[in-house]
Amino acid sequence: MHDLAPLCALSGAEPRVDVVAGVTLTENPTLALASVMARQGHEAACRGHLSALLEGPVPEPGKAILHDPEASFWMGPDQWMVGAPSATHEDLAAQLRLRFGNTASITEQTDAWVCYDMRGDGIEDAIRLCANIDIDQMQTGDAQRTVIHYMGVYVLRRDPATWLRILGPRSSAKSLHHALVTAMRAAL
Amino acid sequence: MTQKNRLDGGLIDRSETFSFRFDSQYYKGHKGDTLASALLANGVRLMGRSFKYHRPRGPMTAGSEEPNAIVELREGTRKEPNTRATTAELYDGLRANSQNRWPSLKFDAMQVNDLLSNFFAAGFYYKTFMWPAAFWEKVYEPIIRRAAGLGSLSTQDDPDGYDKGFLHCDLLIIGGGPAGLAAALTAGEGGARVILCDEDFLIGGRLNLETYAVGGMEGAAWAAETVARLQAMPNVRVMPRTTVIGAFDHGIYGAVERVSDHLAVPEDGKPRQILWRITSKRALLCAGATERPIVFENNDRPGIMQASAVRAYANRWATTPAQQVAIFTNNDDGHRTASDLLAKGVEVVSVIDTRADAPTSSDYDVVAGGVIDQTWGRLGLTRIEVKMPKGGIRRIKCGALGVSGGWNPNVHLTCHQGGRPVWNEALAAFVPSGTLPPGMTVAGAATGVFSTHSALQSGAEGAKAILADLGIKASALALPGAEDTPVRITQFWHVKTAKRAWVDQQNDVTAKDIKLAHQENYVSVEHLKRYTTLGMATDQGKTSNIAGLAIMAEVAGKAIPEVGTTMFRPPYTPTAMGVFAGRAWGMDTKPTRLTPSHTWAEEQGAVFTEAGLWLRAQWYPKPGETHWRQSCDREVIQTRKSVGICDVTSLGKIDVQGTDAAAFLNKVYCNGFAKLPVGKVRYGLMLREDGIVMDDGTAARLAEDHFVVTTTTAKAVQVYRHLEFVRQCLCPNMDVQMISTTDAWAQFAIAGPNSRKLLEKVVDDGVDLSNEAFPFMACGEITICGGLSARLFRISFSGELAYEIAVPTRYGDALVRRLMQAGEEYEVVPYGLEALNVMRIEKGHATANELNGTTTALNLGMGKMVSKAKDSIGSKLSERTGLNEADALKLVGLKPVNPDHKVPAGAHLMTKGTEVIATNDQGYVTSACYSPNLGCHIALGFLKSGDTRIGEIIRLVSPLTGVDHDAEVVSPHFVDPEGDRLRA
Amino acid sequence: MRYSGFRVIKEALTGHRGWGPAWRDPEPKAEYDYVIIGGGGHGLATAYYLAKEYKQSRIAVLEKGWIGGGNVGRNTTIVRSNYLLDGNEPFYEFSLKLWEGLEQELNYNAMMSQRGIINLMHSDAQRDAYIRRGNAMILNGADAQLLDQKQVLEKYPFLNVKNARFPVMGGLLQARAGTARHDAVAWGYARAADQCGVDIIQNCEVTGFKIEGGKIRGVETSRGFIGAKKVGSCVAGSSSKVMAFAGMRLPIESHVLQAFVSEGLKPVLPGVITFGAGHFYCSQSDKGGLVFGGNIDGYNTYASRGNLPMVEDVMEEAIAMFPMLGRARLLRSWGGIMDMSMDGTPIIDKTHIDGLYFNGGWCYGGFKATPASGMVYAHLLATDAPHDTATAFKLDRFHTGHMIDEKGVGNQPNLH
Amino acid sequence: MIINHPLLGPRDSSEFVYLGDASLLNRPDWQADDALEQFIDYGHTRDNPAGLHRELWYHEQGDRSWLVVTRNTVTHEITSVELARDVARTEGRFE
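Protein chains in written order, with the numbering used here: chain A, 1261 to 1448; chain B, 4 to 987; chain C, 71 to 486; chain D, 75 to 169.
Simulated from the structure, these hints should not be mistaken for laboratory data. For each residue, glycine too, the CB sits at the ideal point set by N, CA and C. Worth double-checking, as some hints may not be accurate.
[As the list claims (entries may be wrong)] Here are a few chain C residues that sit away from chain D, every Cβ distance over 12 Å (derived from the structure):
#	residue
1	S127
2	K167
3	L217
4	R319
5	D383
6	A452
7	L485
[Claimed, not checked] One-sided and incomplete, this derived list gives chain B residues near chain C with beta-carbon spacing under 8 Å:
#	residue
8	E523
9	R632
10	Q633
[As the list claims (entries may be wrong)] Cross-link-like lysine-lysine pairs, in silico, BS3-like; alpha carbons within 30 Å at most:
#	chain 1	residue 1	chain 2	residue 2
11	B	K683	B	K867
12	C	K477	B	K898
13	B	K760	B	K625
14	B	K55	C	K336
15	B	K867	C	K477
16	C	K167	B	K141
17	A	K1434	B	K867
Generate the whole structure from the sequences, applying the supplied hints.
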């Protein structure tokens, strides 16, 4: 085991937590991520492997499958993100490569993203000040790519529905955090 | 002060008394007042001065169409110039000051302009101020600019925050009067997602301003009850203080919610205003109508107002501009004002009706067929003179005159996508045309149906039809009973006079100006507007445009619709610029991207610089270093002598996979990639389709079907977009998959002769870094520090033996610390962008300064890289003759002849002995630095036929910065031209 | 009738009864030597210089609506000659010199005001590029000065330098640049051309060309056929539509540019200033309105209106530069259709049809070019040879590879 | 504007980046006799119609699909949106 200590995206050793009017925003460093892109001509087989992994249907456009331990959301045509707890899946990309074989291109994505969990009553009001998505129409299991203050993000509605997960570019973690907390303070 | 003109009743809250100040005087008002209503209640009519002639002015309206009563609201950093007193909500402690006057509102020295008005006729400035020519900027214009503008800015940073937000709905209802409320009830009860916006702080529109009964109760009470019902519906969002400012494509509306403008200071963390972008499936415009004036001589004195405004002040705000009021009207609605005022105990001295068949009244005096001939009162109306129908003048003492020239539907938003309203002769008004913004319908007075009953009905029916269109079933609303008075109007636009009668009050455009414009052939409505400035003031002609058109029609002998109508454009009312910016200002203008070593670099005291959105370490000063050059030189020297470390994470990284990945790269790079072996990196030049260099970088082949492509920091987004274009649009059948991994990997350059030794201390056992096992341009996946997966590339930007190592970003901080620790014995230095730049110039490597979007591979000395043996993007158009001329620019190195001289970037190159003029220009310097290794300044630049001019002494000129000296043309590779160090 | 100080005073004292029409409204004649299509600034200037400088006669300007209603009537009024490239700078400097004497030339006060333009710079690379450009300007006989941050702040003390996301390092100043009253430019040229005998025919839309044996014979219009020996198209914004009548496809796309004006404010901005970390330019008019703009919306369009995202972009940059503008109010916005060319540079050239000429592709730099565009186009029409300052604006430059790409963004019009 | 993405439904146009005429899908054959002329035309000449226009938009802040959007340049009405990859496969010249 190597001896380098990881840092959270906000540069802390421990994840950051903010609470505004009962809504919490938590930096979540425990998520391993990898993208799965079907190889041309292997689309069906790739979906099959993904379906087996998720023990059910694969996510369609705009959707996530909130399965444990591996979950997934749709990123683009024949392209998905797979996430899992990093404690058990630090080598997620390698695991997926084994599973998918030559049916998909797998890319390590864990450190490309910062993950924030926003939970509580009123999260919709905060999101309305951030992103041009119809948050009221988003149900548990919906996943949308959108923009928060120039930063491309994914917003996922989790279970329970008072829980949103926001994935943003890791290098902009601080700016995204600032945008989210500012919106929470303005809206809540 | 007593509120001497305060009446009984109204919708103000007398339980809350606010103290406020206008200019130096303190007054009292109540919650629910506007600044204008509170001032009127205190007997103040004079609130402003006009733009050109500095005429004394009071409020003309009770709403957002106000041209006259505009003030500087608040003080200090929160000062808001040009604020309409008629919409500014009163709060305790409010401060406002009059504007565009000196020294005081009552005595304004600039009113001398009024006496000289004969000289200031429309367009006068186009005919004069031309002699002598030099006097314009020096004499005339400074005088004009001294008089420019209305209010003044604080000139200090706005202390308040703004937000932008996003809303989605089935139906957006714009305006909460009877039509809007009936529509909202219908749609809300039908289950549609509804947003109801109203610019007022009290929703209800004219229901709050009138005495009409609705459903057996007072109109205002019905409105309040209805609003409460709507607010209780989860599918309805009721938004008071929210102005819909623009109708944009595909059902998108901009709306500004004034969250905190009714407070002295916004609450902590809360915005002053929010710009909502509303995405609607349908919109129903229920914006009501605006009463227009009749134009007559001296019709601009404080106290002369819209008749409907006089009754609005009486009914809603329980105030009157004066105890004795006269009315001037051409329609029945003017009489409504008279009866409302009487009911409030205000004396109606006379109703002058232009119509010979005017209705009579037993309650007040009516002059049928009379017109206003003249008015008196310097700072406020004291007397009117009426031209009687049978001749003769009647003088009437009064402090206010309500004028009613009929009503204009508020069609503004219907025009935002090019629709032009059409003339309705019966109403004597423009009404919305059939060409509306797609998805919009119009109801209520905005369509020209003016009775309360028909407004309620058209709102309800409009909503029902929209819901049916959306497939939502709505039941018919049980309409409450309301008045259904027909419109009776006889067109009458202005009382003819040889003197001045104001059409556009704020900009001081008179009927005479319009006639002059006609006389000079500025007849087209747009010429009229631009020549006279009619309709260009802060009210955008809401009360003046139609009268102006009517007068032009009359002098041109045309019908009004033949003269045309003017376009209304966003915003509907003037809108604070800050709200469009939202939170994007100051340091938050754009997001900031931080490198993985940022925290560590901060600890080292690094100085940072912007590179695109990234913050990158520019240099790392050591104690005692007082100038950046000292740090930079040290970093360069130490790196070339031993070893240095630089965070290069910001370079774009793209994962390219698939069985056709190599063929794909072969297509996008002008040089060959098909045969690059696994475990090797290659430099690649990417062209735009027009043959100009887009970007350069490297591609590392990690596996047969797996490459990692790097881009420059600046072009990462553009290159990715381009690659997706090629992949999806030009090579749709290639098996290629791509994803950006820029943020996923922390990447560090380790450069210098000791870089291998340093690296050997952190790589795991079994990783062979020897030159044989891992030669220049090798790459591979390795483990370090006891098992951490990493990618290693033997590439060099500095020209030294160098590597770039990448680890998952979360370990970047730990890795840089470990590398620094491991390098202690070699006196390793971190180096920043400055040192990086020096080393790459010394090596002759191009960067953004050279890849400036106009340079070709040929210019860069890499013309041979453009393969003719294959098709790649840009290769064909790079063959054009103009890009391959004999004297084409070539990248060269430059050294000063006098070693003390600089070779500054941006200087131009001239052949010795030629005149320093543009036609002799031979090229320019792109990048320059001091080279601590060569001990002099050096530079890269482009020179015509430069590759054949090595050794030539050339003249370097920068007249802009006072440089003119000689430089020697040399090879761009100042350091290690053979590349031995790279391969060591 | 000449405008003069005496005349202004006399008319003021006699009720302005003596002012005549600024230009006539003649009926179109059956034939002209020259027909200029487009009564914008460039078309009117072309007609004026054809008559005045090149001593030609029998000239008509055909305008589909009202004169000055295109981009000369809807721009941000900036006049400058701070270009980099050899193909451009001599032309724009020639234009600026014509501006400097325009009022006297036209006997009409277009209020050309040389209050200076500053392009802010925010990085070392940008400074290097500005130095190169400033030098190119000077080498072409124009003026340029490099300012440091302190010098910029002396002129614009309200500029945000305290907490600016992109620090202001200084700026490139062209002191002779400035603004002019845009409508007055069109009217001034119209009046002067009219006085030279040019027929300005409004509400006359060209609907086709009559071409025989590869030679132009005249134009079809909404008011009937009008014969012409030479026809010059000058309809930037609609160039593709008009030239399609001659079967031509152009290296041009039509795009909308929005512009904005604030409420009238007491002067705070002495000249023109542009943001270098984005695209934003601003000045303050003699009436006190802040006049500003930014990028085009970015998609092909012929609708003279824009959308909200670009409004927000422009305002964000305004606030980034001047946080004090947060409480200033936007009064009005408008949109104009631009001929966006493939390299961001105009085209003034003959066409493959004998007697048919083309002037267009002005992107959003056409206003400042008005006098020179008129002069060099008149030169081309009268002499069949390009003017010395406009030899590079050729229609075939994309064939030969002689693009004039100031921004260095290539053949994608919406990036220019 | 709102672009009705064939997979994701209506999306705000600010998520997209505009390129230009969809004729850019028809990249000429580099080995044709008049390849240079064809590339010059491909790279620079445009119909630029006032009316229906097929054009390329890239869903940069979305699923990264390139789309062919048919839009009226006078009214901005969008009548069709297709995945550019599908269009390229059926209409374009490609290898």
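Handout entry: Violated constraints from the hint list, given by number and in increasing order
Key = Violated hints: 4, 5, 7, 9, 10 and 17; rest satisfied.
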